[in-house]
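Peer 1: Modelling step: build the complete structure from the supplied sequences, incorporating the hints.
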Amino acid sequence: MNAPALLTPDDARPLVSTRFTVPGMKCAGCIGKIERELPKLAGISAARANFSAKRVAISHDPALGEDALTAALLALGFEAQPVADNPMGVEVEERKRLNRALGVAGFGMMNVMLLSVSVWSGADGATRELFHWLSALIALPVIAYSGRPFFASAWMALSHKRTNMDVPISIGVILATCLSLYETITGGAHAYFDSAVMLLFFLLAGRALDAEMRTRTRAGIGALLGRMGKSASVIAPDGTTRRVAAKDLEPGMLVLVAAGEALAADGEVVDGISAIDNAMLTGESAPEPVGPGSAVHAGAINLSAPIRVALTRVAEDTAIAEIARLMDEAGQSRSHYVRIADRASRLYAPVVHSLAALAFIGWMIAGAGVHQSLTIAIAVLIITCPCAMGLAVPAAQVVASGALLRRGLLVKDGSALERLAEVDIALLDKTGTLTLGEPRADVTALGTEARAVALGLAQASRHPLSRGLAAALLREGVQPATIDNIREESGIGLTATWQGVAVALEKPEGEAQALATTLRIGDAAQIIIFADPMRSDAAATLAALRADGITASILSGDRAAPVEAMGRALGLTAQAEASPQAKLAALEALKSQGRRPLMVGDGLNDGPALAAAHASIAPGTASDASQQAADAVFIGEGLMPVALAVRVAKATMRIVRQNFGFSIAYNLLAVPLAVFGLVTPLIAAIAMSVSSLVVVANSLRLAGAAK
Amino acid sequence: MTGLAFLIPIALGMGLLGLVAFLWSMREGQYDDMDGAANRILIDDDEPLEEDA
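Heads up: the sequence lines are chains A and B, in that order. Residue numbers for the first sequence follow UniProt numbering, so the first one is 1 and each next one is one higher. Residue numbers for the second sequence follow UniProt numbering, so the first one is 1 and each next one is one higher.
A couple of the hints might just be wrong.
[As the list claims (entries may be wrong)] Here's a subset of chain B near chain A, in silico, CB distances under 8 Å, partners left out:
id	residue
1	Ile10
2	Ala11
3	Leu12
4	Gly18
5	Leu23
6	Trp24
7	Met26
8	Asp32
9	Asp33
10	Met34
11	Asp35
12	Gly36
13	Asn39
14	Arg40
15	Leu42
16	Ile43
What the hints contain is simulated information worked out from the structure, not anything from laboratory work. Given the structure is predicted, the values throughout are model-derived calculations rather than measurements. Where a beta carbon is used, it is the ideal one built from N, C-alpha and C, also for glycine.
Peer 2: Okay, here's the thing in structure tokens:
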């Protein structure tokens, strides 16, 4: 990033830097382990972890490829994916610009205020003039620099013949500066430099909070993303293979997909027997067996053995791209949503500007000079400048999203909170949303020894069932037995020896029990059954949603029987076997009835519905595309964050409305003072800071809202 | 009045110093990884780390 080129004089070869996203980095120990162990490997010179963004930057010898580095991280126990150069560069840059502007405005505000206090406490004559000039010298460059975000946004709005919150702000700041400059040059008594700079400081604080909230959650979601195959090994007619980027693949190409690799295009298996993990596409966790003739889709992960695939559809034509296009179209409607601050300013700006114009005309009629009338009109603009209004929304939303973050829910931006507060009906997907979406082993029947052996075996494999079994045993506090000679055979299972006895984890006899495995120790065999259990607090969450006046129903792509069983268990109406298009249609139908649906889902098949819903939430285990389409992502095994999100969003909007109410009440008191020419720079400064503090303090009450 | 000739430049200089320090720390990436910084204090440099951290 900002690091200088990594070139040491002794080293002839320049090092390159590659960045990885490492979602499993969860504690200080992980940082220490990665940063200490990686540089011990040949070719790696340094590793630096960014814990907030869950990223690791490795500077290494160019001879070392991404695959080798990913393997090195995996050997340390961390799953990692390389990330593109700087996917969030633009947003990070915007946040840094706001922070710099905030720092400059803070500097200007403190120094100008220092001089202003002297003027208010009675400095006059030459001293006052000197102080005004000094204030002008500090304030003009500060306003020019720190005001740019507002001026640019206001100009943008005006040139599209629209108005937003930044238009009255910019007009107020610019007029106050011009008037103060005029007063300074003519040796007048009142300069408003302090008010102008303070206004910018408070508003920038609001903007910086808003940007901080967005980048923080984007980083969290970005850390969970990035599993789709970006390239493939194409087999040439002469048998050699070469890596080809996903966008350069062509139908008819023959590709070799190694175990553990993600597919980069749709195709048909021509050779090899394996199992694939389609979780990215369907959210379905059970591995799907494939053999010659099976159709496979981009985004699926090949689990057990290498397969050869003849590509049928590539790049824009894959099933995944088709769904992405549906999502893109469905998401268009959401960009028309007007945020509450802009709605407020559409009413606010014309009122304030006509008041200022009326004050000017009134004083001209009453016989005051142009100068005095103009001073009063500008005082009206300064005192009504939406300082508290600018903070009313972001302050409340940032506090609320921080409270939700601590409870495991990442809200993407302020607009998401506003829309979440408005939902009146909820649609939930079944697999992965109401259920955990991953196979959980029932280990209660196993004895102590069997548990230790099973864990020793399961730890050696990346098969989803093995991982589910290992996770369940680790939760029980089982210590793994020492197992030797582990061999994994695709489609059959794991075999090994334990204290001289042959042990195995195998596929059970007969196809009926798809989600089960047989643990064999010597001659004794035991069947371990896996289930995809319902999230433990699903019923409580639905009750909490009902208490908030939101009716829920199930909208699933799964088969009718299990969906109806779940609907009966939870007392919900259910629609089963819904295709992505059918889900989208169901949401459009609700919207055309004037309802505001909340969609909760995880699979890529939910993607278009998530994008089309008024607001949407996805679990952290959801497919990448779904997480991107959703307004919020919840992490962990509970479903309660969904109900909590709605409740906190409603509380936030209550506080926002209170903040607006307070701002309006403050204006009702202050405007008559300004109109009658009673406002001095001292009164303006006090009024502005007090109103801002009240708004921020009121917003802080949300800190406990997610309890 | 003569006191002002000293005090105002000092006040401005100290303010500028604070501003420069803030801009420098931002450029150096001091705010890029706030959660990581909070956690790094817990890393013990002298002892080998546990295997299953």
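Peer 1: Are the hints correct? Go through all of them and say.
Peer 2: Comparing the hints with the structure gives:
1. For Ile10/B, the shortest C-beta to C-beta distance to chain A is roughly 11 Å, which exceeds 8 Å, and the interface hint is violated.
2. Because the beta carbon of Ala11/B sits about 6 Å from the nearest beta carbon in chain A, less than 8 Å, this interface hint is met.
3. Interface restraint check: Leu12/B against chain A, minimum CB-CB distance 6 Å, threshold 8 Å, status holds.
4. Contact between Gly18/B and chain A, as hinted, is supported at the beta carbon level, the nearest pair being about 7 Å apart and thus within 8 Å.
5. For Leu23/B, the interface hint holds, the least distance from its beta-carbon to any beta-carbon of chain A being 6 Å, beneath 8 Å.
6. Because the beta carbon of Trp24/B sits about 11 Å from the nearest beta carbon in chain A, more than 8 Å, this interface hint is broken.
7. For Met26/B, the shortest C-beta to C-beta distance to chain A is roughly 6 Å, which falls under 8 Å, so the interface hint holds.
8. The restraint placing Asp32/B at the interface with chain A holds, with a minimum CB-CB distance near 6 Å, inside the 8 Å limit.
9. Among the interface hints, the one on Asp33/B holds; its C-beta lies about 5 Å from the nearest C-beta in chain A, closer than the 8 Å criterion.
10. Interface restraint check for Met34/B: the shortest CB-CB distance to chain A comes to about 6 Å, inside 8 Å, so the restraint holds.
11. The closest approach between the C-beta of Asp35/B and any C-beta of chain A is roughly 4 Å, which is under the 8 Å cut-off, so the hint is satisfied.
12. The beta carbon of Gly36/B comes within 3 Å of a beta carbon in chain A, closer than 8 Å, and the hint placing it at the interface holds.
13. Interface restraint check for Asn39/B: the shortest CB-CB distance to chain A comes to about 4 Å, inside 8 Å, so the restraint holds.
14. Taken as an interface hint, Arg40/B checks out: its beta carbon lies about 6 Å from the nearest beta carbon of chain A, inside 8 Å.
15. A least Cβ separation of about 4 Å between Leu42/B and chain A falls short of the 8 Å threshold, and the interface hint therefore holds.
16. For Ile43/B, the suggested interface contact is upheld, since its CB lies about 4 Å from the closest CB of chain A, less than 8 Å.
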